Each structure stands twice: as structure tokens, then as C-alpha cells.
Amino acid sequence: MREILELLERDAHLSHDTIATMTGLPVEEVTARIAEYEASGVIRRYKAVIDWDSVEGQHSESVTAFIDVSVAPARGVGFDDVANRISRFGEVRSVYLVSGSHDLRCTVVGRDIRAVSDFVSQKLSTIDRVQATATHFVLKTHKRDGDVFTEPEPDHRLPVTP
Amino acid sequence: MKPLNEVIAACPPSGIRRFFDIAAEMDDVISLGVGEPDFVTPWRIREAGIYALEHGYTTYTSNAGLPRLRELICADLAERYDARYSPATECLITTGVSEGLDLALRVLLNPGDEVIIPEPCYVAYEPCVAFAGGVPVRVPTSWEDGFAISAEVVAAAITPRTKAVLIGSPANPTGAVQPREALEALVRLAQEHDLYLISDEIYDRLTYTGAHTCLGALPGARERTVLLGGFSKAQAMTGWRVGWICAPEAVAELCVRVHQYTMLCAPHISQLAAVEALSAAEDDVTEMVADYDRRRRVFVKGLREIGLECPEPGGAFYAFPSIRSSGLDSETFAERLLKEQSVAVVPGSVFGPSGEGHIRCSYATALPLLEEALERMGRFLRSL
Numbered sequence: 001m002r003e004i005l006e007l008l009e010r011d012a013h014l015s016h017d018t019i020a021t022m023t024g025l026p027v028e029e030v031t032a033r034i035a036e037y038e039a040s041g042v043i044r045r046y047k048a049v050i051d052w053d054s055v056e057g058q059h060s061e062s063v064t065a066f067i068d069v070s071v072a073p074a075r076g077v078g079f080d081d082v083a084n085r086i087s088r089f090g091e092v093r094s095v096y097l098v099s100g101s102h103d104l105r106c107t108v109v110g111r112d113i114r115a116v117s118d119f120v121s122q123k124l125s126t127i128d129r130v131q132a133t134a135t136h137f138v139l140k141t142h143k144r145d146g147d148v149f150t151e152p153e154p155d156h157r158l159p160v161t162p
Numbered sequence: 001m002k003p004l005n006e007v008i009a010a011c012p013p014s015g016i017r018r019f020f021d022i023a024a025e026m027d028d029v030i031s032l033g034v035g036e037p038d039f040v041t042p043w044r045i046r047e048a049g050i051y052a053l054e055h056g057y058t059t060y061t062s063n064a065g066l067p068r069l070r071e072l073i074c075a076d077l078a079e080r081y082d083a084r085y086s087p088a089t090e091c092l093i094t095t096g097v098s099e100g101l102d103l104a105l106r107v108l109l110n111p112g113d114e115v116i117i118p119e120p121c122y123v124a125y126e127p128c129v130a131f132a133g134g135v136p137v138r139v140p141t142s143w144e145d146g147f148a149i150s151a152e153v154v155a156a157a158i159t160p161r162t163k164a165v166l167i168g169s170p171a172n173p174t175g176a177v178q179p180r181e182a183l184e185a186l187v188r189l190a191q192e193h194d195l196y197l198i199s200d201e202i203y204d205r206l207t208y209t210g211a212h213t214c215l216g217a218l219p220g221a222r223e224r225t226v227l228l229g230g231f232s233k234a235q236a237m238t239g240w241r242v243g244w245i246c247a248p249e250a251v252a253e254l255c256v257r258v259h260q261y262t263m264l265c266a267p268h269i270s271q272l273a274a275v276e277a278l279s280a281a282e283d284d285v286t287e288m289v290a291d292y293d294r295r296r297r298v299f300v301k302g303l304r305e306i307g308l309e310c311p312e313p314g315g316a317f318y319a320f321p322s323i324r325s326s327g328l329d330s331e332t333f334a335e336r337l338l339k340e341q342s343v344a345v346v347p348g349s350v351f352g353p354s355g356e357g358h359i360r361c362s363y364a365t366a367l368p369l370l371e372e373a374l375e376r377m378g379r380f381l382r383s384l
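Protein chains in written order, with the UniProt record's numbering: chain A, 1 to 162; chain B, 1 to 384.
If you're looking for bench data, these hints aren't it; they were derived computationally from the structure. Just so we're clear, the structure is a prediction, and the values are computed from it rather than from any experiment. Treat each hint with caution, since some may be false.
The calculated EDC-like cross-link candidates involving lysine to aspartate or glutamate, where the alpha carbons are at most 20 Å apart (straight line), are [said to hold, decoys possible]:
| no. | chain 1 | residue 1 | chain 2 | residue 2 |
| --- | --- | --- | --- | --- |
| 1 | B | K339 | B | E372 |
| 2 | B | K301 | B | E312 |
| 3 | B | K163 | B | D82 |
| 4 | A | K140 | A | D68 |
| 5 | A | K143 | B | E47 |
| 6 | B | K301 | A | D17 |
| 7 | A | K47 | A | E9 |
| 8 | B | K163 | B | D194 |
| 9 | A | K143 | B | D284 |
| 10 | A | K140 | A | D17 |
| 11 | B | K339 | B | E371 |
| 12 | B | K301 | B | E371 |
| 13 | B | K301 | A | E28 |
| 14 | B | K301 | A | D68 |
| 15 | A | K143 | A | E56 |
Coverage of chain B stretches by chain A, computed from C-beta distances (three or more under 8 Å per stretch; other residues unrestricted) [to be verified]:
| no. | stretch |
| --- | --- |
| 16 | 22-31 |
| 17 | 35-49 |
| 18 | 117-128 |
| 19 | 296-302 |
Some chain A residues near chain B, calculated using beta-carbon distances under 10 Å [as the list claims (entries may be wrong)]:
| no. | residue |
| --- | --- |
| 20 | E3 |
| 21 | E6 |
| 22 | T21 |
| 23 | R157 |
| 24 | P159 |
| 25 | T161 |
| 26 | P162 |
C-beta: ideal position from N, C-alpha, C; glycine also.
Full structure from sequences and hints, please.
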């Protein structure tokens, strides 16, 4: 049921009881469905959304870059084999096949600029059929995956109103 | 000094005020006493307001309001409820339902005309009738009947001076949604006795357990109904002060006449934001409604678990549990709950005598706070 997944995607901490109440389903069914989603890989895993910029001393310890990659497609596999190869590196956080002037858009996280640059020049660019890369370092994260990383808006409501 | 207006001077201040004063002094209060959404206006609507400001839409609009907004409102009513109003002659934009209510009453009432008001009801209904020179006549509803309006009870209150019946559904404070049959019976009664119906439908989109019945769409109702609606609740736009009246031409025309002299027009910027709200913010509304519904289920279940009987609230964002098991009257209950456990609720008695024995709890509050409030309320009940 889609609603269970949507609720968990927003707040993985919700108890099965609460989800059952919210959706009107029996709690046993909620538990069973979630177990099924977990077993089948629909739910991959649960994790926290962290604003690393606000963790003291942390923001200088890692950098993120978006890297656009141009790839010469090959008969039979298109871009899949190269995309797959790039995806396997631990420092690569996401890989998308995109339309536009490049073919793949990747997110890479490294200890510092040097580490990312080394990764691009030594690993990414040297993959067969990778023709060009363009690296964009992230300077500040404003919003990620639907989460806004600015100050939350204060509640301006009066405590008791009609 | 000469005496001030005696009708206004005789009107008691809102019973909510006292609780506001106590709560405002305290730290760590979880307020379930707020009659407005905890969502901020969806960004795309705010952004449309900013754009309007930037581009200098800081002027008056026509008295009746922006034609585009009236067209969107009438199209929405037609599509959603099959209620048909002409944007040009039967619709005007007001500064919220509050002004709409005031206009409707002023236009409908002659001095001494009686308006029947089923209670518990929104706190402004009776004073607004009195301010318009009318006489409010309360009729009770009961939680045993799900606060459904009984045509017989209304009929028993009808006198030769009765001019109108004023209802709100979904209702503040009970969260009750009037069943279609109850409204149909009310319409028949209104036809029989030639009464007007004023229908405050500000919470129409916040209906969870069944479809909302728009009074203006019921057979025989349209020619005697003044329909009030707005953007405060479903679109979370309380502070923008923008609402509307849809009514038969003769009524709408006189509403515009009062409005043009007393208000001139609703704020231009708010009207433009409302255009965005109706033309592009449906997904935001759907999401907020779904969220209220989930919190409603959790909160009502929680109230029952701590031992408060709670009729199922089908709409708005209020639960109206009975606190009779506590042995306290609702005023004492609310005051002690606030002082002893720092949870603000509104005593049901401020909404009319039938609200005694209940408290109004708004679940327009973040889920963790609702859960904490339930904890504290449970502690309070156990301490009695």
C-alpha cells in the first residue's frame, strides 16, 4: 500500500501502531506489509537525514561534487556498463542517465577537493568510452531530497484563537 | 459621557480571551487551543503574493473583487459540488468569512429579526447577529446525535420573527459534518417558513469521513442560501484575510453595497495569492488534508485511550471530547489542565450551553506535540 511507504519515507520512526491508526489498517497487516517490503527490497533501508553543514567542524571534512560524464555508447549495452562501473565506487553517491549535453550525472563525495579531483582524473576519466567530464563542487546545500536546510519557520500563531 | 452602543457594550468578551491570557504567560505550553492551521501558507501561494507586491499590485480592486478570482471560485464550486453561481453577479470577495458573515447578516436582517443558531457553534455567530440588529436564538444539538441539526428542534424555535438559520459544517468547535439528510430537512423547513439559510462552509475541504454537502447545491436551497467560504483553512491562509460570499443576485448585490462602503475591497495582494491557491495549489491542499486526517485518527484514538469519550469528528481540525467522566465543568477542566499540565484547550461552554461537558482540542499541531499533549492529559485525568 502506497500510503505506508509514503509515511515511512517521510518519517521512518513512525511505529507500526501509529501507521495502523493513520491508515485505518489493522496493525498486523501494517507489520506484515512492511516486512514484505523489506524482504522484497522495496524498502532498501532506513536512514537519517543529516545537515552536515550544521555539524561543527564537519563541513570542511568532506566535499560533494556533481560530475557530468560524456560516454560513447556501445552497441548492445548503451551506457549501462559504464554507468554500472561508475556506480560501484564507494565515493559515488548517485548516478543518473540524463538527457542534455552530457550522458551521466553523478554525485561524488570525497574528503577534500583533492580527493575528488584524483577520483575524477584517475578513476572516472580513465574508464573506457568516457570521453569527457565536467566537475561542479557543491558550495552550500540549501535543499536536499525535499529537506530544506535553512532555519525552520517559527510558529507565529497565538496560543489560543477562536 | 453619553452611553456607548448598548448592544455592543452588552456583548460579553470572547470566553477564549481568558485562556489566551493565561497561556501567553506560561512557558512550555502545548496549545491545542489554536483555531488555525499549523501549516504556513504553501510556498507557491506566498510566492504569488510576493510577486504581486513586487509588481506593484498594491491598489484597490473592484468592490466585488478580481473577476478572475470570482470565476475560479464559481468554477470550483460547480466542479466540486455542482453548485452554480454567476461570477459576475452572485459572487463577491470578502476579507475572510468573518466579513462575509457580517455582510450576510446585515443584508438579511431588519431590527428584531430572529436568527436560529444551532450550538455549540463558532463564537462569532451570536455577536454578529446582535451587531446586525438581529436576535440570536440558540437551539441545542447533542453529541449523542453527532451534533446533527434536528429540523424538529429548529422548527420548535421558529416564530413569526424568524428570518434565517445560521449553520457551520464542518463545524468549529465540534468537527461535526452535517449529514445530507439533516441539511435536506433543514431546507424543507426553510421553504415551508420562508427562511434564509446562512451556511458557513469555511472547512468544506477538511472533510474526512464522507463527502461534504454544499448547501447551495441542494434542491430548493439555492434561492434562499448565503454561502460563505474562504481560503483560511484548507489553503492555510488565515492571515491573508480573504474569503467569499456566493448568494442569489438580490442578496449578493446588497452585500456588495455594504462592502463597497465599509471595506471597499479585499486586499489586492491576498486576492492574487488566492488566485494562485485555486489555480495551482490543489496538490498542497490534498497533502495537508491527508495530514490532518492522519493526525485526527491518532489523536482521537489517543483521547479514547486516556479515557475520554470522543465522538468521531468528521471534519475541520477539532476533536470535541466529553470530559464528563472527570466530574469537572469544562471551564474548570480547561483551566486546571492548563495550569497543572501546560496543555491549552478551549472549554466547550464558550461555544454555547450544549458545549458544556466538552473541550475543544485542535489537532492542527505537529504529531510529536499531539502525542506529548495526550500524555499530559492522561496524567491530568489520573491525578483527579
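Determine which of the earlier numbered hints do not hold for this structure and return their numbers in increasing order.
Per hint list: 3, 10, 14 violated.
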